[in-house]
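Q: Chains as they are written, first to last, in this note's numbering: chain A, 1 to 109; chain B, 1 to 114.
There could be a bad hint or two in this list.
Said to hold, decoys possible - Just a few of them, taken from the derived set where beta-carbon distance is under 8 Å, the chain B residues facing chain A: (1) Gln11; (2) Ile12; (3) Leu13; (4) Ala14; (5) Gly16; (6) Gly53; (7) Gly98; (8) Ala100; (9) Thr102.
Don't read these hints as lab results, they were simulated from the structure.
All C-beta atoms, glycine included, are put in the ideal place defined by N, C-alpha and C.
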Amino acid sequence: GQNIDQPTEMTATEGAIVQINCTYQTSGFNGLFWYQQHAGEAPTFLSYNVLDGLEEKGRFSSFLSRSKGYSYLLLKELQMKDSASYLCVPLDSNYQLIWGAGTKLIIKP
Amino acid sequence: TAGITQAPTSQILAAGRSMTLRCTQDMRHNAMYWYRQDLGLGLRLIHYSNTAGTTGKGEVPDGYSVSRANTDDFPLTLASAVPSQTSVYFCASSDNRGQADTQYFGPGTRLTVL
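The whole structure should be built from the sequences, with the hints applied where relevant.
A: Laid out in structure tokens, this is it:
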């Protein structure tokens, strides 16, 4: 079966750094997306990784290890507006997105 | 550009009634999708369309139908609503399906079936 494992909820402090881990099992693999979803809103694209390594984009970075079935999203200099759910979304061999429930990140002042 | 728009924003519907959720995109994307999102669960694909004139079934298609008469519009119809269809519905689009193209989402329609 296809499976995604992320922590249900995490709490971090404004100005700090947080790493959201994701492990996945899919039938084939064609890359992995990270989406951000604020409460009551639509998911918005953050990053896409298809090769191993770290992709940096401003305060957000995403890492992929295909051999380990592992990815993480790193958020630096946390701001209150970063309070949201973060969705780790791999693509299987048919390029179908596999959606999990995501990680709810709570930022405290 | 507006990107993707959905209407209505929210709706309360009596069980047994029919309803069409509207979705329009102005990005000239070939592929469009309908998802539902229930509390504590990931997005589930209802139907998709690779290009105008074609549609396909997703993970949870029962009770829903779609059409794709042109590139921009992808309406979702509930023929006879049931309470289990209470959910938030998101429409999305991407350049193509079957590739690693980013999906862009509309703001969603919150539907309550009583």
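Q: Take the hints in turn and mark each one as holding or not.
A: Do the hints match the structure? See the list:
no.: 1; hint: Gln11; in the structure: 16 Å, violated
no.: 2; hint: Ile12; in the structure: 17 Å, violated
no.: 3; hint: Leu13; in the structure: 20 Å, violated
no.: 4; hint: Ala14; in the structure: 24 Å, violated
no.: 5; hint: Gly16; in the structure: 28 Å, violated
no.: 6; hint: Gly53; in the structure: 21 Å, violated
no.: 7; hint: Gly98; in the structure: 5 Å, holds
no.: 8; hint: Ala100; in the structure: 5 Å, holds
no.: 9; hint: Thr102; in the structure: 5 Å, holds
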